[in-house]
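Novice: So for the sequence shown, our numbering puts the first residue at 1; every next one is plus one.
If you are wondering where the hints come from, they were derived from the structure by calculation, not from laboratory data. Be a bit skeptical, because a hint or two may be false.
As the list claims (entries may be wrong) - Below, in silico cross-link-like pairs of lysine-lysine (DSBU-like), each with a Cα-Cα straight-line distance of 35 Å or less:
id, residue 1, residue 2
1, K94, K22
2, K22, K207
3, K248, K207
None of the values given here were measured: they were computed from a predicted structure.
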Amino acid sequence: METLFVDRADSVVTVTLNRPEKKNAINADMWDELLAVFDEVADRDDDRVLVITGAGDAFCSGADITGGVREARHGLPRMRHIGVAALRLHRLPKPTIAKVNGVAAGAGCNLALGCDLIVAADTARFSEIFSRRGLSIDFGGSWLLPRLVGLHRAKELAFFADIVSAQEACEMGLVNRVVPAGDLDAFVDDWARRLAAGPPLALSMTKTMLNNAFMVSMDQALEDEARSQTVNFATSDLTEAMQAFVQKRDPNFQGT
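All chains should be built: construct the whole structure from the sequences, respecting the hints.
Specialist: Following this line, the structure appears as structure tokens:
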């Protein structure tokens with residue numbers, strides 16, 4: 001790939017946005033490549049966890065509009081294509097972690113927020129920068145922000161486009177953990193390995209139910225839980241979990 005570096009190890013797929021000279025700003029090629037990677041990870045049984053990070057000292061500075069307004073103005077079809085990438089990430093049936101090593105702004109901020117878990121270095125910064133560029137919020141931010149921090153705080157972040165430190169982001173519920181920059185890789189590696197060792201089908205169904213939590217009734221949530229558990233009870237992974245418990249060892253889940 002031209003704009004991404006993809007590494008696979010122990011069922012963990014690490015995708016590095018690889019345009020450090022542009023602070024990993026997302027151009028047309030990167031949108032296409034991100035979409036291709038999301039589809040590939042969703043389809044590969046051996047891929048159990050996706051980690052997204054950035055090369056150099058930035059996570060992602062947002063969409064690349066340095067080619068000028070005319071070049072950036074691709075109309076509704078292009079924006080819908082970008083929206084498909086956001087939806088693919090949201091629907092990816094496997095856990096995702098954003099490893100935020102530096103600035104995450106605009107679409108880059110919402111790329112991080114679209115992951116299931118966010119771990120930030122203490123030097124990271126976040127901004128819904130859109131209004132400073134004469135733009136409205138995109139890449140799922142209008143849906144994600146209110147669910148993460150509440151409506152009024154979401155409006156504050158989007159209207160003023162202030163830069164928020166990693167610690168401030170953690171305190172308002174934007175990120176899960178803030179760790180020293182030197183510990184970021186080790187911390188995310190540990191989380192990724194733990195998730196990769198988990199039961200793939202159960203984690204996938206849990207993710208879907210949590211994603212749907214604000215859009216269904218309690219009755220529907222309970223029905224979804226019942227159906228999911230019925231599937232789990234019929235899997236080899238459940239049998240393996242019970243045997244591992246009795247034998248006092250870690251289970252070896254296969255996703256079957």
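Novice: Which hints from the list above does the structure break, by number from lowest to highest?
Specialist: none
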